[in-house]
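Build out the structure end to end from the sequences listed, making use of the hints.
The listed protein sequences correspond, in order, to chains A and B.
With the working numbering applied, the first sequence covers 459 to 763.
With the working numbering applied, the second sequence covers 97 to 430.
Just so you know, the hints here were simulated from the structure itself, not pulled from any lab data.
Remember, predicted model here, so these are calculated numbers, not experimental data.
Don't take every hint at face value.
Said to hold, decoys possible - Taking lysine to any residue and the SDA-like style, the derived pairs with C-alpha atoms no more than 20 angstroms apart in a straight line are:
#, chain 1, residue 1, chain 2, residue 2
1, A, Lys759, B, Pro227
2, B, Lys334, B, Gly427
3, B, Lys190, A, Leu670
4, B, Lys190, A, Gly666
Said to hold, decoys possible - Over 10 angstroms on every C-beta distance to chain A, these chain B residues come out as not near it, computed from the model:
#, residue
5, Met198
6, Leu264
7, Leu390
As the list claims (entries may be wrong) - Derived contacts from chain A toward chain B, CB cut-off under 10 angstroms, selection only:
#, residue
8, Gln658
9, Leu659
10, Gly666
11, Ala671
12, Tyr675
13, His680
Just so it is clear, CB atoms sit at the ideal spot from N, CA and C, and this is done for glycine as well.
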Amino acid sequence: MVVPYPVHSEPERPLMATQHSRAAARLMISPAVLLLLGWMLIPLCMTLYFSFLRYNLLMPGMEEFTGWMNYRFFLTDPAFMDALVNTLLLVGGVLLITTVGGTLLALLLDQPFWGQGIVRIMVIAPFFVMPTVSALVWKNMFMNPVNGLFGHLFQSLGLQPYDFLSQAPLASIIFIVSWQWLPFATLILLTAFQSLDQEQLEAAEMDGAPALARFWYIMLPHLARAITVVVLIQTIFLLSIFAEILVTTGGGPGTASTNLTYLIYMQSLLQFDVGMGSAGGVVAIILANIVAIFLMRMIGKNLDA
Amino acid sequence: MGRIQLEKVTKSFGEVNVIPPLDLEINDGEFVVFVGPSGCGKSTLLRLIAGLEDVTSGKIEIDGTNATELAPAQRGLAMVFQSYALYPHMSVRKNIAFPMKMAKVPQDEQKRRIDAAAKALNLTDYLDRRPGQLSGGQRQRVAIGRAIVREPQAFLFDEPLSNLDAALRVGMRLEIMELHERLATTMIYVTHDQVEAMTMADKIVVLRAGHIEQVGSPLELYHNPRNEFVAGFIGSPKMNLLKGDTARQHGAATVGVRPEHIAVSTTEGLWQGKVNVAEHLGSDTFLHVNDHGLGSEPLTVRVDGELPVKHGDTIFMTPDTSKMHRFDDEGLRL
Ligand SMILES: Nc1ncnc2c1ncn2[C@@H]1O[C@H](COP(=O)(O)OP(=O)(O)O)[C@@H](O)[C@H]1O
Ligand SMILES: [Mg+2]
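The following block contains the structure:
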């Protein structure tokens, strides 16, 4: 997936002096570019190639060209539609929670209060916890109906403990992933808040805008670019969520928390079907690009200065 | 109506007292300029009046009602900021409409006022642009337009021209003065530039370290400065302040002579000195004179029209004693 960034136009420089150095620069970066290209292109081409083979590790030596068979099987698998919907729900849900929550949290952290420095560092902390670890902590220490804190809490209130991961598996994973990504969104949005010209807010205050209107008409438009960056970067990572699912629900029950990445893992590694897994990988690439195009259409104009 | 009264207003930021108790009266329709060196508390005072800062103690009255505790929007004042503080993501039209939108002014009335303001400020062709696509002077006018449409009791300007180049500044100065003539609304204008103060004000308030040094019309301050600070601050080029023997001859600790009150001759005069720098402007000539034996500071004199002297020439100067200002050792006028 291509991450579009605003391209800053180069400052104008005298032509003569730079023409040689430009050519030299091209020459010098070319090994790196070639290496990167190879790094990307070779696996991509191999994936494409495998996706047209019947290639199962349980039947070595039987590889043969099968045309679109792998794609047909992957796309008609009922698990595929579930995984597709789950992927979109997971990405959409986490994006919604982190941007809205991040905006509110950043707004809060931007206010001067005692112990600001410590609180800011603590808010960032979840981002430094490895996904597997945080997912396991949530699974065993909080959401477990017998040992988890939530279970105890429910019991102390006289309620039946709720088994989050089996009764609401996708929502639980969305929650865990949101917890991980909220700091990232908060941090970026906080810097955006801090770059807002205070005089604009004061002008709006003089103009008779109450706090809510100031947020809506002044702060939010100012945040648009930062929110766009948050959404784009997070989407890239959220499309390929894997560890959290592996250690919590294992994609289940059934396919209730299987996303595309996890489906490909199941096809290719659990069923040793390399061909099918590759086809799934290609489908995932296409899907990611569709999402990217869709996002850029929707919010990409925010990146233009 | 825009009568503003400050009674014993003080302001501290934590331990630091920026405005000591201060009384001030601003009459309806007046053009009042707060002038003083950087950091003397002009902006703070203006923001206190606007309500953007809370007073530490004291009372602010607007039109006879106590406004000390009122929110900025309820004081009926409009402010033009030094950075213009336009809303960058809104078009000029929306910027100007914003205060009316907040006040829920009917659409057709909004349109009427926007068109009138745009016409008065030469912004009609730019209404659909964003502030980022305008020049400094145009942005300034948008900020003023946004203030006008609210039809406020008084306008507050905080160094509105300091981001403009010299030529534009003179033009905008005239426009603001014309605006004042037309609207006859109270205006409070903050600047550190005494030329702006002298040319625009009905009433100048000279501030130093939060204190009001003197309040008066431009010419009052020019002719009768209450102390050395005001004398040195008002007038351009600055007044020459002389101590020592010269001052003692006139029975004062310091005497001040404005550059324009010293007659210059190449042949004879009371004081003698060497020209260090001669600024030939055509209409006037400013001479900075050294080696005059009156003190260590160079003496500045102004000559009407042209005077063909250059660096190193000896000239003679005679002060007009009737226009000399005398100050005691505390700097107060005698
Ligand atoms: N928010 C603030 N907190 C602390 N000190 C301030 C604040 N605003 C202004 N000051 C101080 O008050 C003094 C007057 O500032 P200001 O009114 O901006 O001066 P001016 O506009 O005359 O240049 C300065 O010494 C400045 O450092
Ligand atoms: Mg200021």
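Task: Index of numbered hints that the structure contradicts, given in increasing order - done: Number 5 only.
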